[in-house]
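Asks: Listed in order, the protein sequences are those of chains A and B.
In terms of the working numbering, the first sequence has 354 at position 354, counting the first letter as 1, and numbering is strictly consecutive.
In terms of the working numbering, the second sequence has 34 at position 34, counting the first letter as 1, and numbering is strictly consecutive.
For the record, the hints were derived by calculation from the structure and aren't laboratory data.
Remember, predicted model here, so these are calculated numbers, not experimental data.
In this text, a Cβ means the ideal position worked out from N, Cα and C, and glycines have one as well.
A portion of the hints provided could be inaccurate.
Said to hold, decoys possible - Listed next, the in silico EDC-like pairs over lysine to aspartate or glutamate satisfying Cα-Cα at most 20 Å (straight line):
#1 K414(A) <-> D40(B)
#2 K231(A) <-> D351(A)
#3 K414(A) <-> E55(B)
#4 K52(B) <-> E246(A)
Stated by the list, open to error - Under 10 Å between C-beta atoms, here's a sample of chain B residues computed to sit facing chain A:
#5 D41
#6 R46
#7 S48
#8 R50
What the hints assert, rightly or not - Label pairs and their in silico Cβ distance ranges:
#9 C63(B) <-> E356(A): 48 to 58 Å
#10 G290(A) <-> W39(B): 49 to 59 Å
#11 I78(B) <-> N16(A): 48 to 58 Å
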Amino acid sequence: MQKYSIYNLVKNAFSNHENWDLAWKDPTPKQEYDVVIIGGGGHGLATAYYLAKEHNITNVAIIEKGWIGGGNVGRNTTIIRSNYMHDENGLFSEFGMNLWRKMSQDLNYNVMFSPRGIINLAHSDAQMNAYARRGNSMRLNGIDAVLLNREQVKEIIPMADFSENVRFPIFGGLMQPSAGTARHDAVAWGYARQADSMGVDIIQNCEVTGFDVVAGKIKGIRTSRGNIKAKKVGICVAGSTNILAEKLNMTLPIETHLLQACVSEPVKPVLDNVVTFGAGHFYVSQSDKGEMVMGGDLDGYNSYAQRGNLPTLQHVLTEGIAMMPFLSKLKMLRTWGGIMDMSMDGSPIIDKTHIEGLYLNCGWCYGGFKATPASGWTFAHTIAQDRVHELNAGYSLNRFSTGHLIDEKGLGTKTWIS
Amino acid sequence: MLYINCPHCGMRSQNEFSYGGDASVKRPELNKEVSDQEWDDFVYNRKSLRGKHLELWQHISGCRQWIKVERDTATHEIFRTFKADEEVA
Numbered sequence: 001m002q003k004y005s006i007y008n009l010v011k012n013a014f015s016n017h018e019n020w021d022l023a024w025k026d027p028t029p030k031q032e033y034d035v036v037i038i039g040g041g042g043h044g045l046a047t048a049y050y051l052a053k054e055h056n057i058t059n060v061a062i063i064e065k066g067w068i069g070g071g072n073v074g075r076n077t078t079i080i081r082s083n084y085m086h087d088e089n090g091l092f093s094e095f096g097m098n099l100w101r102k103m104s105q106d107l108n109y110n111v112m113f114s115p116r117g118i119i120n121l122a123h124s125d126a127q128m129n130a131y132a133r134r135g136n137s138m139r140l141n142g143i144d145a146v147l148l149n150r151e152q153v154k155e156i157i158p159m160a161d162f163s164e165n166v167r168f169p170i171f172g173g174l175m176q177p178s179a180g181t182a183r184h185d186a187v188a189w190g191y192a193r194q195a196d197s198m199g200v201d202i203i204q205n206c207e208v209t210g211f212d213v214v215a216g217k218i219k220g221i222r223t224s225r226g227n228i229k230a231k232k233v234g235i236c237v238a239g240s241t242n243i244l245a246e247k248l249n250m251t252l253p254i255e256t257h258l259l260q261a262c263v264s265e266p267v268k269p270v271l272d273n274v275v276t277f278g279a280g281h282f283y284v285s286q287s288d289k290g291e292m293v294m295g296g297d298l299d300g301y302n303s304y305a306q307r308g309n310l311p312t313l314q315h316v317l318t319e320g321i322a323m324m325p326f327l328s329k330l331k332m333l334r335t336w337g338g339i340m341d342m343s344m345d346g347s348p349i350i351d352k353t354h355i356e357g358l359y360l361n362c363g364w365c366y367g368g369f370k371a372t373p374a375s376g377w378t379f380a381h382t383i384a385q386d387r388v389h390e391l392n393a394g395y396s397l398n399r400f401s402t403g404h405l406i407d408e409k410g411l412g413t414k415t416w417i418s
Numbered sequence: 001m002l003y004i005n006c007p008h009c010g011m012r013s014q015n016e017f018s019y020g021g022d023a024s025v026k027r028p029e030l031n032k033e034v035s036d037q038e039w040d041d042f043v044y045n046r047k048s049l050r051g052k053h054l055e056l057w058q059h060i061s062g063c064r065q066w067i068k069v070e071r072d073t074a075t076h077e078i079f080r081t082f083k084a085d086e087e088v089a
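Based on the sequences and whatever the hints tell you, model everything.
Replies: Set out below in structure tokens:
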């Protein structure tokens, strides 16, 4: 594989950059693979990369219905954080943070990881207490957390509404200074390029139409480009999980919902953190291009349409303007939607299934992007070793029947209430 | 914007409604032994169909009645609406 370096950049400049290698190939599916990963999103690509890198399993195919990185890894708001209270979520995400910090070097691909810090705003004394508790839990798990008072917040984000007579005054906030953002497309492309170079077949425009299961054991998959035999199959398809589960006669604790995001026109640098509104569901950061990147609530009903409706967008942006009034002056550049695999306790599932050789990675709700490296790493471990790693032991499929839910937000099963 | 034809009030915008989830889910009967699997299916497991989906909505800013809506989850098209106690063929 051609290394991306200043030397190669200069060298290729002499040939007008026309002789760069393709970043990944476009192979025809083979008859048989050791492992087939369904879903060429961030998690699927990362899983294939770690299967090859950590477990030396390279006879692997990624089967993608559309094109790689065209789903949620290309549709999210690029936020990376590990500010969770529960041990399972905190330790898992912090493991991921360590992978994020060295990802550009590992992948020889600039993912533009920018640890600019995230601030969750608090709007009451009770919320400050809750944040203090969460911050303490984070610190016990080795995650950085700083509780900020009103004045400290004002120093960092003076453009927020600090006037006295607002409905939700800012009392303070909880900050994770090491959280941040990354270039989401680069994450998908970086993993794809490395996985391809180690022998993984990335097969695009190939839809999975069925599974071959014999005597409780997976034998292969059926696709729009023919049957493919596989010793092991991993499902990594986010919002399409239920569609594949139906083909396996499985009913999962997951509903597919629609989440929108939007960006404003680009403006001069104004915000160098990620900020979330504490009295509703709104978050904002500023991209390197200058656009304000914003998102918030689910549209609130089951949906497979990758586009949303205006009422939710209006609701979300009303919260945004309450938090930072200057946003009302900006023009909207672009809005889009993606479909989320909302699990019934808000936490993901990375586990084996009742079918031997079939593994499941789903339930990421609207927090899948930051989990990309940790999800790929643990899913690769689960597939390669045929047992879960301690990091994803809590993310079991049967926790719903045994009562070991990981309900970080305390919302219960109503996924559409966010 | 979705427009939902409330069987009590007529056509209204989605802003007046609140979503209530899959209407095909049935609570296990009270007078019999209920297995863990049945509770699981009632509380957590969902088909989350792509295509025609029968679901509950509440006309929360209108008549406050619960209604059933048959809607396509891929196109958001709404086909039919029913009163909550109406049997859907």
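Asks: Can you let me know if the beta-carbon spacing of C63(B) and E356(A) is within 48 to 58 Å?
Replies: 52 Å, holds
Asks: Keeping to a limit of 20 Å between CA atoms, is the pair of K52(B) and E246(A) held or broken?
Replies: 15 Å, holds
Asks: Can we keep the D41(B) interface hint, with Cβ of chain A closer than 10 Å?
Replies: 7 Å, holds
Asks: Regarding the pair K231(A) and D351(A), is the alpha-carbon distance no greater than 20 Å?
Replies: 17 Å, holds
Asks: Hint R46(B) vs chain A: min CB-CB distance below 10 Å?
Replies: Where the cut-off is 10 Å and the nearest Cβ of chain A is about 5 Å from R46(B), the hint holds.
Asks: So if I understand the rule, the pair passes when the alpha-carbon distance is 20 Å or less; does K414(A) with D40(B) pass?
Replies: Holds, at roughly 14 Å.
Asks: Evaluate the given range 48 to 58 Å for the C-beta pair formed by I78(B) and N16(A).
Replies: 55 Å, holds
Asks: Is K414(A) within 20 Å of E55(B), Cα to Cα?
Replies: 14 Å, holds
Asks: For the range 49 to 59 Å, tell me whether the beta carbons of G290(A) and W39(B) fit it or not.
Replies: For W39(B) against G290(A), whose Cβ atoms are near 51 Å apart, the range 49 to 59 Å holds.
Asks: Close enough to count: is the Cβ of R50(B) nearer than 10 Å to one in chain A?
Replies: 5 Å, holds
Asks: Does the CB of S48(B) sit less than 10 Å away from some CB of chain A?
Replies: Since chain A brings a Cβ to about 4 Å from S48(B), closer than 10 Å, the hint holds.
Violation of the numbered hints given earlier is absent; every hint is satisfied by the structure.
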